Amino acid sequence: MPALLLSHIMTEHASHAALQNAGQTAGQSAGQPFQKPVWALEGEPDAPRLVLAGTWTVQNGGLAPFPPDALAQAHGTLTFDCQGMTDWDSALVAFLWDVKQATGHAGLGFEPEGLPQAAQRLLALLPATAATKAPPPQRPPLLERVGTRTLAVLDETGTVTELALETAREAARSLTGRSGMRTKDLLTDIWNAGPAALLIVGVVNFLVGAILAFVGLVELRRFAAEIYVANLVGIACAREIAAIMTAIVMAGRTGGAYAARISTMLGNEEIDALMVFGIPVSSYILLPSILSLGLMMPLLYIYGTLIAILGGFVVSISMMDISPIGYLTTTFNGVPLHEFVFGLTKSFCFACFIGLAACRVGLKAGRSAADVGIAATRAVVIGIVGIIAMDAIFAILANTLGI
Amino acid sequence: MSQADTLISVRDLRLSFGPKVIQQGVSFDLKRGSIFAIMGGSGCGKSTLLKSMIGLLRPTAGQILVGQEDYWAQSGLRRRDINLHFGVLFQSAALWSSMTVGENVALPMEMLTSLPADDIRRLVDLKLGFVGMEQAIDLMPSEISGGMRKRAGLARAIALNPDILFLDEPSAGLDPITSARLDDLILTLRDGLGATIVIVSHELPSLFAIADDGIFLDAITHTPIAHGSPRDLRDHCTIPEVVAFMKREADLPPTDQTKG
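Line by line, the protein sequences are chains A and B. The opening residue of the first sequence carries number 1 in this note's numbering; numbering runs sequentially from there. The opening residue of the second sequence carries number 1001 in this note's numbering; numbering runs sequentially from there.
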């Protein structure tokens, strides 16, 4: 009669008796076709034997862990008896892996002879000990973090400047026809950054002009100065609103697309291929991207201003008693040409900034699908925040210079 | 072979993209417990045939019988249920790049089973242990090598204990030693998990080592031109295309014992 070292029942329903006759009753009890998986440690302390019975499948609750200290009192070699086991899957292997590790810790031998052949083969694939979790990396001290960030910012400034200069040099070379830029790429980019954006830029500017006129009318009517709505809409749009709205639309539309395209190329090793061939990234990607924005954005700005004035015009003549000719005349007289020059200059600067930032963000991205999304988001956010910040700087400069 | 031993039966399948025919007249039986090789040169439609078997590409004609059911005649919902019995290792491993290796293996279990989190964790450890990747559980797919990605993809493919494991070019891009280890692993998993394996490959050494049945697709006639295990085709087949394929790539001396 073997001495019972330890008996472990895995569920409250199963009992030791169930283990004893598991072989006979498996599949017979009505309504419960699978015997719960049970195990028991039997045999003399110097010849422990693990008896397994029931159906050891994942769905049948076979995944309970083997307590690591269960083998503490045993020594010798652990053998197995699987006579009562009806079916098994990875749950059994997971359990046996636990047992194998426990025998390792307890200094016991492990004799897999009594186990099913296939389970033995799977068990042999597994390492003797489970992976040890690496300790989480230590957070560096504050001073070090500040220093690292500062260096990173300086480094980034250098890289962006370098990219900008390289692109400018490439642009200068292209003027003399010595650049490697492909006309086809430039035309594709120009199409995307120009004509393809007409509709959305138009809609946004028309609505902004209309809103400005509406708000202006309500306020100016109190002073009986409704006619100055024409000046308000004209100057605000030519000087600020059209340039900013167009730039924001383009940052979301084209900047995001550039960043996504470049980071996808990075993931496909396309950028690596360019570099190995010695084709400068600046002439193949940066220049056409930035140049197309730089050429198209000022044009889009003029178009946006005119559409915004049209928006204000439509709202004004439908809401107040003024002749269309009178409104237009007031607009032309009220908006000096230098406002357009100021807006054009800003538009060009915004365009270069959006293009450069998007390309840099794309080139800096990681190589996975998630990184493409991050790069596109970052390009749009940097683009929009940068535009507003640049516009503030322009406003201060203009104020100082008295423009 | 009796009916019960056939898991998938492909009947006169025709695959095409618009007017361009990829393969036609494809018929074969996938027998339980076998390792079935889909062979052929580049561009002959091996991966396309695989895609039609795992539900990614509807064939233009013919049937794929899974058990007794015509796979493509079923509703999308039913096809999804059938797919629960499939595990697929994609050509580029196709690990989800925003998740760690461990999360990649865990996701099918989290989404498709009602197992408690503890059980899932233990199974993830186990499946990664099978492919020797237990150390990489917390790494991102972008941080591991191509061979490791393949192995992680294999661990994910066996996450739900599939009945049929589809492997698309499992050893492409791997060195011979890693490739041989992967072959061993596939054999062990077949025996251990009782899975049937469909393997798309033109890596001859690995096909000779593990496959015991197969089909040879021809890129010019767009039809299968030979059936049988890669070893048999190598030793006995006299069709010029097959001989050229086996010889040029493998350059193995003919085995005299089997010929005599």
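Source of the hints: derived by calculation from the structure; they are not laboratory data. Bear in mind the structure is a predicted one, so any value in this text is a computation, not a measurement. Ideal Cβ positions, reconstructed from N, Cα and C, are used throughout, including at glycine. Please note that a few of the clues may not be correct.
Unchecked claim - Simulated coverage check for chain A against chain B, where a stretch passes if three residues somewhere in it have a Cβ under 8 Å from a Cβ of chain B: (1) 58-66; (2) 92-106; (3) 203-213; (4) 304-314.
Each hint tested on the structure:
1. 58-66: Held - the region 58-66 of chain A has 3 residues with a Cβ nearer than 8 Å to chain B, which meets the minimum of three.
2. 92-106: With 3 residues close enough to chain B, the hint holds.
3. 203-213: violated (count 0)
4. 304-314: violated (count 0)
Hint compliance for this structure: hints 3, 4 are not met, and every other hint is.
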